[in-house]
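Kindly produce the complete structure, drawing on both the sequences and the hints.
Chains as they are written, first to last, in the numbering used here: chain X, 12 to 331; chain W, 195 to 678; chain G, 2 to 354.
The hints are simulated quantities; they were obtained by calculation from the structure and are not laboratory data. Since the structure is predicted, the reported quantities are computational estimates derived from the model, not experimental observations. Where a beta carbon is used, it is the ideal one built from N, C-alpha and C, also for glycine. It is possible that part of the hints are untrue.
Here chain G is said to cover these stretches of chain W; the calculated rule only asks that three of the stretch's residues, wherever they fall, bring their Cβ under 8 Å from a Cβ of chain G [as the list claims (entries may be wrong)]:
hint, segment
1, 510-519
2, 538-546
A short, non-exhaustive set of chain G residues, derived as facing chain X with CB atoms under 10 Å [as the list claims (entries may be wrong)]:
hint, residue
3, S90
4, N150
5, T159
6, F160
7, T161
8, L327
9, M345
10, E347
11, R348
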Amino acid sequence: MTLAQQDIVTLTFWTAVLASGVRLSISVGVAAIGEMITERSGVLNLGLEGTMIIGAFASFAAAYESGSVWVGLIGGIMAGAVVGLGFAVLVVVQRVDQVVAGLSITLFGVAFTSFLNTEVYGGTAVPPRVPRPSTLSIPVLKDIPLIGEAFFRQNLVVYVGVLIIVVISIWLRRSYATIVMDATGESPAAAEAAGHSVVAARIVATTVGSALAGLGGALLIVGQLGFFNSNITAGRGWVALALVIFGRWRPGWIMAGAVLFGSLDALQFRFQTLDSAVPFEFFIAMPFVVTLIALAVGGSGGIKGPSALGIPFRRATEPN
Amino acid sequence: MTPTIQVVGVGRVFGDVEALDDVDLDIRRGEVLAVLGENGAGKTTLMRIIGGLDQPSTGHLLRNGEPFAPGSPREAVEARIALVHQHFALVPTMLPAEIVLLFRAERERRCDRRTAAEQLRVLAADLGFEIDLERPVGEQSVGEQQRLELLRALDSNPDVLLLDEPTAVLTDDEATAMLDVVRRLAHDQDRAVVLITHRLREVIAAADRVVVLRAGKVVSPVSAIGERTPESLAAEMVGSEVPAIARKDHNRGQQVLAMQQVSAGKLTKADLSVREGEIVGVAGVDGNGQVGLELAVAGLARVTSGTIRMGDVDLAGMHPRARIAAGLAYLPSDRYARGLIGPMLCTENVMLGRTPWRLQDITADTSVRMRRWAVKGEPHHRADSLSGGNAQKLVAAREFSEGTRLVLACQPTRGLDPGAARHLRQQLLDFAAQGGAVIWISADLDELMESADQLLVASGGRLLGPEERPFDRTRIGLWMGGAV
Amino acid sequence: MSGPSSSTTRALDRLSAPIGAAVPTMSAVLVALVVGGILIVWAGDNPFTVYWIVLEESLFARTGWRDTLSRATPLVLVGLGLAVGFKASIWNIGAEGQLIAGAVAAIAVLGVVDLPVPIAITVGLVLGAIGGIIWAAIAGLLITRYSVNDVIATLLLTFTAVPLLNYLARDPLQDPESFLPQTRRIGSAELPDIAWIDTHIGIVFAVVLVAIMAWVMKATRFGYLVRAHGANRGAVYANESRRRVVTLGILALSGAFAGIAGYVTLAGEQLRVSGGTAAGFGFTAIIVAILGRNNPIGVLVAAFGLSAMLVGAEAAQRQSGLPVTLMQSVQALVVICVIAGNAMAERRSRGTQ
Numbered sequence: 012m013t014l015a016q017q018d019i020v021t022l023t024f025w026t027a028v029l030a031s032g033v034r035l036s037i038s039v040g041v042a043a044i045g046e047m048i049t050e051r052s053g054v055l056n057l058g059l060e061g062t063m064i065i066g067a068f069a070s071f072a073a074a075y076e077s078g079s080v081w082v083g084l085i086g087g088i089m090a091g092a093v094v095g096l097g098f099a100v101l102v103v104v105q106r107v108d109q110v111v112a113g114l115s116i117t118l119f120g121v122a123f124t125s126f127l128n129t130e131v132y133g134g135t136a137v138p139p140r141v142p143r144p145s146t147l148s149i150p151v152l153k154d155i156p157l158i159g160e161a162f163f164r165q166n167l168v169v170y171v172g173v174l175i176i177v178v179i180s181i182w183l184r185r186s187y188a189t190i191v192m193d194a195t196g197e198s199p200a201a202a203e204a205a206g207h208s209v210v211a212a213r214i215v216a217t218t219v220g221s222a223l224a225g226l227g228g229a230l231l232i233v234g235q236l237g238f239f240n241s242n243i244t245a246g247r248g249w250v251a252l253a254l255v256i257f258g259r260w261r262p263g264w265i266m267a268g269a270v271l272f273g274s275l276d277a278l279q280f281r282f283q284t285l286d287s288a289v290p291f292e293f294f295i296a297m298p299f300v301v302t303l304i305a306l307a308v309g310g311s312g313g314i315k316g317p318s319a320l321g322i323p324f325r326r327a328t329e330p331n
Numbered sequence: 195m196t197p198t199i200q201v202v203g204v205g206r207v208f209g210d211v212e213a214l215d216d217v218d219l220d221i222r223r224g225e226v227l228a229v230l231g232e233n234g235a236g237k238t239t240l241m242r243i244i245g246g247l248d249q250p251s252t253g254h255l256l257r258n259g260e261p262f263a264p265g266s267p268r269e270a271v272e273a274r275i276a277l278v279h280q281h282f283a284l285v286p287t288m289l290p291a292e293i294v295l296l297f298r299a300e301r302e303r304r305c306d307r308r309t310a311a312e313q314l315r316v317l318a319a320d321l322g323f324e325i326d327l328e329r330p331v332g333e334q335s336v337g338e339q340q341r342l343e344l345l346r347a348l349d350s351n352p353d354v355l356l357l358d359e360p361t362a363v364l365t366d367d368e369a370t371a372m373l374d375v376v377r378r379l380a381h382d383q384d385r386a387v388v389l390i391t392h393r394l395r396e397v398i399a400a401a402d403r404v405v406v407l408r409a410g411k412v413v414s415p416v417s418a419i420g421e422r423t424p425e426s427l428a429a430e431m432v433g434s435e436v437p438a439i440a441r442k443d444h445n446r447g448q449q450v451l452a453m454q455q456v457s458a459g460k461l462t463k464a465d466l467s468v469r470e471g472e473i474v475g476v477a478g479v480d481g482n483g484q485v486g487l488e489l490a491v492a493g494l495a496r497v498t499s500g501t502i503r504m505g506d507v508d509l510a511g512m513h514p515r516a517r518i519a520a521g522l523a524y525l526p527s528d529r530y531a532r533g534l535i536g537p538m539l540c541t542e543n544v545m546l547g548r549t550p551w552r553l554q555d556i557t558a559d560t561s562v563r564m565r566r567w568a569v570k571g572e573p574h575h576r577a578d579s580l581s582g583g584n585a586q587k588l589v590a591a592r593e594f595s596e597g598t599r600l601v602l603a604c605q606p607t608r609g610l611d612p613g614a615a616r617h618l619r620q621q622l623l624d625f626a627a628q629g630g631a632v633i634w635i636s637a638d639l640d641e642l643m644e645s646a647d648q649l650l651v652a653s654g655g656r657l658l659g660p661e662e663r664p665f666d667r668t669r670i671g672l673w674m675g676g677a678v
Numbered sequence: 002m003s004g005p006s007s008s009t010t011r012a013l014d015r016l017s018a019p020i021g022a023a024v025p026t027m028s029a030v031l032v033a034l035v036v037g038g039i040l041i042v043w044a045g046d047n048p049f050t051v052y053w054i055v056l057e058e059s060l061f062a063r064t065g066w067r068d069t070l071s072r073a074t075p076l077v078l079v080g081l082g083l084a085v086g087f088k089a090s091i092w093n094i095g096a097e098g099q100l101i102a103g104a105v106a107a108i109a110v111l112g113v114v115d116l117p118v119p120i121a122i123t124v125g126l127v128l129g130a131i132g133g134i135i136w137a138a139i140a141g142l143l144i145t146r147y148s149v150n151d152v153i154a155t156l157l158l159t160f161t162a163v164p165l166l167n168y169l170a171r172d173p174l175q176d177p178e179s180f181l182p183q184t185r186r187i188g189s190a191e192l193p194d195i196a197w198i199d200t201h202i203g204i205v206f207a208v209v210l211v212a213i214m215a216w217v218m219k220a221t222r223f224g225y226l227v228r229a230h231g232a233n234r235g236a237v238y239a240n241e242s243r244r245r246v247v248t249l250g251i252l253a254l255s256g257a258f259a260g261i262a263g264y265v266t267l268a269g270e271q272l273r274v275s276g277g278t279a280a281g282f283g284f285t286a287i288i289v290a291i292l293g294r295n296n297p298i299g300v301l302v303a304a305f306g307l308s309a310m311l312v313g314a315e316a317a318q319r320q321s322g323l324p325v326t327l328m329q330s331v332q333a334l335v336v337i338c339v340i341a342g343n344a345m346a347e348r349r350s351r352g353t354q
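If you want it as C-alpha cells, here you go:
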C-alpha cells in the first residue's frame, strides 16, 4: 500500500493509526507496568528488553507448537517469570549491581532468542506464523469516529491485554501488597521494622514484573505481528523503561505514554511508505526522540522515583 | 507480681564491640521505666532485642516469667510488645492509615484504608492528639510524625510499649504533651512503658523508675526515681572519670564571614556573622533550616537571595575547591554522604578536595594527621572500616589545615561515643582559642551552651538571635519552640 | 593479627590476591562454557569440535589471528571509554551511537577532502573524537540539565543515531558513483597495515591508549575523580568538583573513545560508511568493560577474549552452520556467571572475616 499525501488529512487514516497505535501500546504498556511494579519495590530491572524478547520467543514457540494463541500468552508469562526470578536471585539475594545484571540479561536475551529461532525455526524460507486471534467487534461502539476502531474492533488478545492492565491497576489501588511493595521501595528499613521481609517482597515484585514483561513480548507476537525475528522487540523494552519514568510510576500515566508511543510507532510504519520531502528515517527515529523530549520536560519538574530504587537492601544486623 | 518482661544477663556483640554486656532489668505494667544513657550506651540495641529486631548473643528474656525469644518484629507484636523507633519507621509517601496497615499483624490484615483511618482517628482522639489523615506523612511536621509513630504502635494494643527517644525532635511544648500522654498510657491504661532518653529533665518529670546504662553495662540498677536530681543523674550517666571540656574566654578579632538576608532551601532571610576567635552556635530542632544554612555556607545550595562573603570571596554556589582555598573547613552533618568516600583508603580520603593533577604518595602526611587526631586505623585501610567516631575524626584531620580560618561544623558530635564527642568539642574550642572562627550547628543545646560564644536559634527557617553569654535557657527554649 | 608471621602473611596475601580474584572469574567462564556446550549438543554438534574450531580459527590460523586483532581494536577503544564511565557509575550504554557519530564525522570531511597521509589520519582521529563527543554531549545535557536517567538517555540516542546513519548513507553523503546506500571511500585517511601481524595500525593506537589510560586512572587527579565519583559522588561534589563538570567530562571522554573507534573501523576495515557501520561494537564493548572490571588492562584482555570467541564462532558457522548468536549468548552468560561468582566470593570472604 502506498500513501498519497492527501490521505493524511482523512479521518480513515487517523482512525487506522490510532487502532494500530493501541495494539502496539498494549505490548509496551504491559511491560512498562511490570517494570513499574519491580521499581516500586526498589529494584531497577534493565533486563526488561531481554525479558521481553525471551517472552516473545517463548510465546511464539508455544503458540506455534500448540496452535493456540492462549497457550502462547501463558508461555510468554512463564518465560518472563523464570527470567525475573533469576534476575531477582542475582540482585536481591546476591546483591549484584543491578545495572550490570540487567544489561547482561538484555544482551543474553537478544542473542539467545536469535540463536534459538535460527536453530528451531530457521530452516524454512518463509518464516512460520502463529495463528491469528479472532477479532471482536462491539456493535454500535465500533462505529464511533476516530476511537471506535481503536477500542472496540480489536482482536481478542488486545482485549485481554487491556483487561489485564485494568485489573492490575485496580488491584494495585486496593491491595495490601501495594502497601508492602511501596514501603520496600521507599523505606526498606520501615518495611523491615513492620515485620515484612524486604528480600521476599522484592523477589516477588521482580518476578511478577518480569512475568508482565514476558507477557508484553507475547502480546507483541500473538496479538500483533504473528512471527518472530531476531531483535524483534527493537528497543521496546527500553521505551517501556522510559515510560515508567515518564508515567511517574503510576499505571494511568504510563498507559497514556504507551498510547502516545504506540501511535507514533504506527504513524512511523505508515509514513515510511509516504512519498514526502521528509526522509522516512526521521519517522523511525521519531518515537525515541519524542520519548527523550518527554523525559526531559518531565525531568525538569523534579520528579523522583522510589527513594530506595537500585539500592541493595542489607539488614541492620547483617555484617557489611 | 511477676514483671511483664525480665531481661536476664543479656549481652550483644557486634564484631569486636560489646554493645551490651550482662544487662539485667525488669519491666512492669502500670509504670514508666526510663532507660538513661549517652549515645552509644546500648539503649537502642536493648530495645531492638526486646522488639524482635535483633537477637542477644548471651542471656535471655522472660515474658510473664516464661522464656521469650522474639525472632522477628512480628513475633514481638504478637506477644503484645510495640516499639517506637528513634529514626522514624515511616514511609514518607504514604498516608497515615497506610502506615497503620503496614504494621498490622498477619491475621488482621484487611486492606481497608477507610476503616483504618477511622480507627486511627478514634485512637488519636482518645489521647487528645490532632491528626491529619489526608496528607502523606512526609509532608507533615516532625512533631506530627512522632505522634503518628506512637499511634501506629498503639494500634496493635500492646501492653508493653518501648519508646526510643520519642521527644528528641520535639519542641519543649510538644515534648511536655508527649510525656503527659506517656504517663497516662502507663498509669491510666495499665501498660508497661519503657522510655529511652538521654534527657535528664524528662526522666525526673515522667518516669517512675530509672536504669542507667554506660558503654553497654548497667551502672545504676533499676530503682525508683526518689530524690534524684538532674545533676545526680548526670553523674550516674557520664561517670566521674570523664573530664569536662575546658572553655576560656578569649579575644575576638576581625569579621571572617558575613551572611546577609540569605535564603536557601528552608532557610529564609538569615543573617549571621562570625569573627576570628569566635564560636557561633546554631541551635534548633532538626528541620528548621539548618540544612539550608549548612549547604549555603558550604557553597552547595542554590542561594535564592542575599549574600555570603568570606572577606571578598562570595561563597554562594562557588566551586568546592575555591571553598577550600578560601580557608573554609567543612564537617558535614551527613559525614558518610558528603565527607567520606567509604570504599576508598584513608590516604585517598585525606587528599579529597586537595588533589594535584598528578597524584602523590601522601601516606606520611596521612599518618601524621591521623595520629594528631587520634584516629584508630591505618592510612591504607578503607575509610568504611573506621567506627563512627574515627570516621568523623578522619574528616576533621583532613579539613583542619594551616590555612583554615573558619570551620563549618554541622552536627559534629552526632552519633559519636562520649569520649570522641568530647575530644571533638575540645578541638573546636582550641581552634577558636587560637583565633579561628567556628560556625557550629547542633541539635544538642547543652553542647552549644557549654561551648559557644554566641547563639542563634533556627526556627521555622529563620535564624533568631544572636544571644550572648550568659545564655538564657528559657528564652532559647521559647525560640526553639517557635514561640516568638 | 600480630606476631612475626604477619608481614609474611601480608606478602602472601598480596601475591595471592590477583590469583584469588581470578579463580571465581575462571570458574564462572568455565560454567558458561559448559552451558554453551550443552546448547551445542542440543543443536546437534560436538561441543569439543566446535570449541576447537573456535580456538583454532581465532588464534592459530593466520587469517583468524588477523581477524581477532582487528575485531578487538574497536572493542578495546570503546571498552576503555565505557570502563571509565562505569567506574564512575555513569552508565553510558549508548557507545554504539557515539561510534556511528565518530565515523560519520570522519567521512563527512575526509570523503571529500584529500590530505597527505599522516595529516589525514590525525584529522580522522580528531574528527572521530569530536563526533563521539558531540553525540555523548547531547546525552550529557539531557542527564545534567534535565535529570534524564543516564542509561535511557544514552541508549535512546543510539536508537536515533542508527536511522540517521541510514539516511546519511543513502542520501546526502552517498557516493554518487554507487547504487548502494554507502558513502565515498575514506581515501588517504585509510589506516596502513602492519606487515608482520597482517593487520592495520589501529591496534597500535588501541594498545598505546590502554597504557595511557592505565596511567591516567592510577596516577592522576582525573583517575582519582572517576574512582571517587563511582564510590560516593556526594563527597566529590562537596569537596572536589561540580556535578555537571564531572558528568560531562566523563561522558565526553567515553564518547571520544567510541568516536575514535568509529574512525578506526572505518579507516581500517570498512573504508566506507554504510548501515553496516553499526556493527554492534558499542554493545559488545559493554561486556568488555564489565568483564575487564573497568580496568584498562582488563579491557584489553577481555576484548581479545571476546573477539577471539566471535571470530571463531563465525568460522564455526561457516563450517558447521552453528549460529554466531550462540557464542554471543555464551558471552552474556559469561558476564552473568562472573558477576554472580564475584558476588558469592565476596560474600564468602565477608563471612570468614
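How the hints compare with the structure:
no. : hint    : in the structure
1   : 510-519 : holds (count 4)
2   : 538-546 : holds (count 4)
3   : S90     : holds, 8 Å
4   : N150    : holds, 6 Å
5   : T159    : holds, 9 Å
6   : F160    : holds, 4 Å
7   : T161    : holds, 4 Å
8   : L327    : holds, 5 Å
9   : M345    : holds, 6 Å
10  : E347    : holds, 9 Å
11  : R348    : holds, 7 Å
Hint compliance for this structure: no hint is broken.
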